[in-house]
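**Student:** Chains as they are written, first to last, in the UniProt record's numbering: chain A, 1 to 327; chain B, 1 to 327; chain C, 1 to 330; chain D, 1 to 330.
It is worth saying that the hints were derived from the structure and are not from the lab.
Backbone N, C-alpha and C fix where the C-beta goes; we use that ideal spot for every residue, glycine too.
Don't take every hint at face value.
Unchecked claim - Derived list of chain C stretches under chain B, where covered just means 3 residues or more per stretch with a C-beta under 8 Å from a C-beta of chain B:
| id | region |
| --- | --- |
| 1 | 104 to 115 |
| 2 | 129 to 136 |
| 3 | 155 to 169 |
| 4 | 185 to 197 |
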Amino acid sequence: MPVISYIDAVTTAIREEMERDSRVFVLGEDVGKKGGVFKATNGLYEQFGEERVIDTPLAESAIAGVGIGAAMYGMRPIAEMQFADFIMPAVNQIISEAAKIRYRSNNDWDCPIVIRAPYGGGVHGALYHSQSVEAIFANQPGLKIVMPSTPYDVKGLLKAAIRDNDPVLFFEHKRAYRLIKGEVPNDDYVLPIGKADVKRQGEDITVITYGLCVHFALQAAEKLASDGISVHVLDLRTVYPLDKEAIIEAAAKTGKVLLITEDTKEGSIISEVSAIIAENCLFDLDAPIMRLAGPDVPAMPYAPTMEKYFMVNPDKVEKAMRELAEY
Amino acid sequence: MPVISYIDAVTTAIREEMERDSRVFVLGEDVGKKGGVFKATNGLYEQFGEERVIDTPLAESAIAGVGIGAAMYGMRPIAEMQFADFIMPAVNQIISEAAKIRYRSNNDWDCPIVIRAPYGGGVHGALYHSQSVEAIFANQPGLKIVMPSTPYDVKGLLKAAIRDNDPVLFFEHKRAYRLIKGEVPNDDYVLPIGKADVKRQGEDITVITYGLCVHFALQAAEKLASDGISVHVLDLRTVYPLDKEAIIEAAAKTGKVLLITEDTKEGSIISEVSAIIAENCLFDLDAPIMRLAGPDVPAMPYAPTMEKYFMVNPDKVEKAMRELAEY
Amino acid sequence: MVENRHKELGLSDEKVLEMYKVMLLSRRIDERMWLLNRSGKIPFVVSCQGQEAAQVGAAFALDRENDYILPYYRDVGVVLTFGMTAKELMLSGFAKAEDPNSGGRQMPGHFGQKKNRIVTGSSPVTTQVPHAVGIALAGKMEGKDFVTFTTFGEGSSNQGDFHEGANFAGVHKLPVIFMCENNKYAISVPIEKQLACENVSDRAIGYGMPGVTVDGNDPLAVYRAVKEAADRGRRGEGPTLVETVSYRLTPHSSDDDDMSYRTSDEVAQAKTKDAIITFGAYLKENGILNDDLEKQMNDDIMKTVNEATDYAENAPYAKAESLLEYVYEK
Amino acid sequence: MVENRHKELGLSDEKVLEMYKVMLLSRRIDERMWLLNRSGKIPFVVSCQGQEAAQVGAAFALDRENDYILPYYRDVGVVLTFGMTAKELMLSGFAKAEDPNSGGRQMPGHFGQKKNRIVTGSSPVTTQVPHAVGIALAGKMEGKDFVTFTTFGEGSSNQGDFHEGANFAGVHKLPVIFMCENNKYAISVPIEKQLACENVSDRAIGYGMPGVTVDGNDPLAVYRAVKEAADRGRRGEGPTLVETVSYRLTPHSSDDDDMSYRTSDEVAQAKTKDAIITFGAYLKENGILNDDLEKQMNDDIMKTVNEATDYAENAPYAKAESLLEYVYEK
Ligand SMILES: Cc1ncc(C[n+]2csc(CCOP(=O)(O)OP(=O)(O)O)c2C)c(N)n1
Ligand SMILES: Cc1ncc(C[n+]2csc(CCOP(=O)(O)OP(=O)(O)O)c2C)c(N)n1
Ligand SMILES: [Mg+2]
Ligand SMILES: [Mg+2]
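So here's chain A without its partners, still in its complex pose:
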């Protein structure tokens, strides 16, 4: 199987879906001629033309809103927000509109849009090019939020998102774009939205996380393995709505749970994961539910000293894992 990068998996998924279905199109800032500021849409403008790979005016609410209109008509828009941080002007369109179209029309209309955005830090992006924004949306029924960790998952889940008949927010970790490579079949395949994935089987402690932190957890698990500590790693993949069954199963399996997010801690995705566990399998637990996250500051600073302090990394993950294992 070919090994490709995380970002190439994004491009491949979009290209294949555009080839497969003429209703699929891309819109966003600089997605056309330039191929995106990260090059996620590289080559699509040349292949599909400016009518299907649209460089829009600089206005996120319109990017989302025009996409939503097209989706209601029956198209399959893929809207790009240049950075997840810049999705904020589009919140009204996403929460008031996309999320509620099927529901408010009693199933008469639907809104099959995908909104992609690069998120996450560790790239000297400072306060406004580093944020994790999923928690803002992860309380809005009607939305699905996908945050894949591997190129394989990216391709399968992005295709699933494009074919999904409901709105999907698809957040891609920008540091993973070129850092993370993996085997990706050339074939067409989709992966189920809403299902978490066990990325490593283990017996002693359970780590539940998503995105780039999955890799930190797997690296740390490898280290702990040589000390005889066996780590179970569950990758949420879809962070809203959560895969409750998989979470309960993974937590109950070892009775010791570490939850990890790169986002700031209070009110994050892992808070809900914790609540699900505390509600459903409390008596299976042998330790408090531990959380490792960014500090509760508005966003990560630019200076390398402070950025590094903010970011979750393999060392912090390893330390937390060992602490939990010893509990």
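Following the hints, complete the assembly by docking chains B, C and D with the ligands onto the known chain A.
**Tutor:** Relative to chain A, chains B, C and D with the ligands alone:
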């Protein structure tokens, strides 16, 4: 002490602060001549004139953004969002701007704005005049979110919010406006933002909630008391950042915890409350952490059948309490 | 006899009579809604009164079999023209399960009916503007020749979504008609406190599109403006901004008391220009309407409204648990 | 000798020479930032090159002791005029603790310095526009006579916040100067794909304010337009929209490769109009600048830039744990 309604406490707090400090002013849609669609700013236009009680154009991002500008200059704006549901266009100004001004300027600038909005259901408001929106913001360090339950708390906390040197979102339950009355001193007093409040002491089970649900919990507690079940009720009052100590203390006290919100369940305020408990006092628990919330649907419908089904009410609260007590 | 102004627009006598009938039906439905509200039978009304001429004039200028419409909450006249029935509107007023707009999930005035290309709407104002642009974009991509029509109030033209949507349509030369129903108030806030420009249509040049302001009490003037805009759109010449100026004859909604911010004199003054009267007079002066016909028309309409009311009042609500449905595709 | 155009504007020879010096300092700082970036010493640059004339011309037309400014990320010329120093800009480029803008928390180009009334800015474009309006509103409430000046790109003028902010200022007749630095591109997207109007200033009428378009390579033309706008504002006549047209001479930022969407010919063509050259020539032709003075000026500037670079490079970063500070007031 005079007994006044929840909404009169809002008006009183604003009026007194405007009398006290000439930098305090009000801006929003219909807040002036009409005195607000709920009459929360009734009489202020007459008393303070159109320069300090400003009927703005219909544009929430400008209401927030102009307020933020004035706040950075040194004024004390109180911006009204006509309904919490209509705060969405202002999310960028609130999250990208208000929340981050002190932090990003390394304490050179600050943003003492209050953004008020009526939230909550049970008033035939349908999908877009009933929502609880706090979870959208309750993951953004730099913001404080206050959601009082009683007229006494309204007055003390709104005054504190106006005097606070950081941005405060102040959400008022619109059904509480005229339904809830209580004693409110004529004097000037402030209550501490960030502190939860024990609304009833009890020994058998702990209920942690906020807003209108506090009253449902107190009503139900009264009923249970006659059956010899003693309920401890903690009113969060500030839902972000949460009062961790008070939560841990209240949960540990009885070992049986019921969390209640009117909001949809997944990703709500009570998820974080649960995570705090599961992280800090898991072994004090004698029962799973129970959550009572709205169903995970986009928002509550208009038809009375469906609206009623959606809403938390004293009966549902009582039922959940009894279940927990018997656990 | 006054000048016959509809012939030159290509409108037959039957057509203008039909227009009048829809205007009247809109008014009577709205009046009924108020009665139902004041007698405690329905919780909420938001009115079309004073804007029927603009709504019906515009909707008649569109292709009712092909064009897409994204009406705002006052557009009873628009949706009736596009095929929604009095009964359906009443079902919505009563929030009953059969309401085609939302099955009783949304307040009245939140229109949507796919079979008639009435695109589902929400409460936050002006979000429909970019949607209209997106539908037009989709149509262009698919080589269709429909136009897309959307409306909003003058206060709402201050929302960012109006600006962003209009600009997108201008840049991509999309066949969208943006119609601002300027009724001089946004709830209590008069137009001088909403906009500093003379006409809302002054904004069009900033999006590279023509902008026109017409008398919203004159259905023929509105018809002409919207017809021209639709023709432009179909010719591939892009969007148009049409502003119709009239007056909101009722309070903002059943929750509003307009006497706290305007005078009854001002309202009475505006009522002298009510298109239900003035267009009726025009039809009579042109010999198209007479007292008998008018009475007959009114009787028919009242029968329709009564039947619709009875049906809707007796129709069942959606089951409580049904609120769990349609969050996502099943 | 060419016509002396600055006298009639009330600008002395010293003043225009000072303007030129600030333009040149801006350019040299920017060039140094690119060198530092390309040699791996700083992670990011976003440039003022091509816009110095507009920035300095505008800033000189303001009252540097009283007016408030809300610059956007390219406004090196504006903030230098308002009192920020080369050293401070370099500290920001190197993200060092002493950076007065943010203590190294924000990327360079995110200006803010309270003592000079430079209002803290963020990355999401155009959010500063309503802030400028709010500051002007506050000034009006307090009876002050300062004006508020804010800038943004032409692409950014498509954001809702531009529309909402401009409209608010128009309705309340606030002394705000909205200056659009039109450099023909928004990253890779050329102006034709951003706006359908001929000039960004065409939007002014929609907000009831005057709009003017001036040559952004001519600091005197910009000075005149902004001076008039400031005077209007101080006279209580409300806001103005000024558009300065020039060209972005560098890639969008150090992360961009502009050759993927425009030609080097086009850039070379634009460079012939570079104000650093043309305004220098104007000064020479008017006998205000000569080769000696120019050399001296350049040497002074390079010394300033070198010292600033050395200082900033050697300055300490903020302590890691300090990131926990200033979330809320202590
Ligand atoms: C985003 C948003 N903010 C506030 C409201 C509340 N609201 C409903 S209608 C209205 C006034 C609308 O005025 P206008 O646009 O002139 O339309 P009209 O009602 O006069 O037809 C307001 C403020 C809303 N629905 N959406
Ligand atoms: C809300 C938002 N969306 C996207 C971006 C990313 N971005 C930064 S600059 C820019 C282009 C700005 O173009 P223009 O307004 O013309 O200013 P210029 O850079 O040309 O001076 C974009 C898209 C952003 N900063 N903010
Ligand atoms: Mg109006
Ligand atoms: Mg530009």
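**Student:** Checking each numbered hint in turn, tell me which of them this model violates, lowest number first.
**Tutor:** 2
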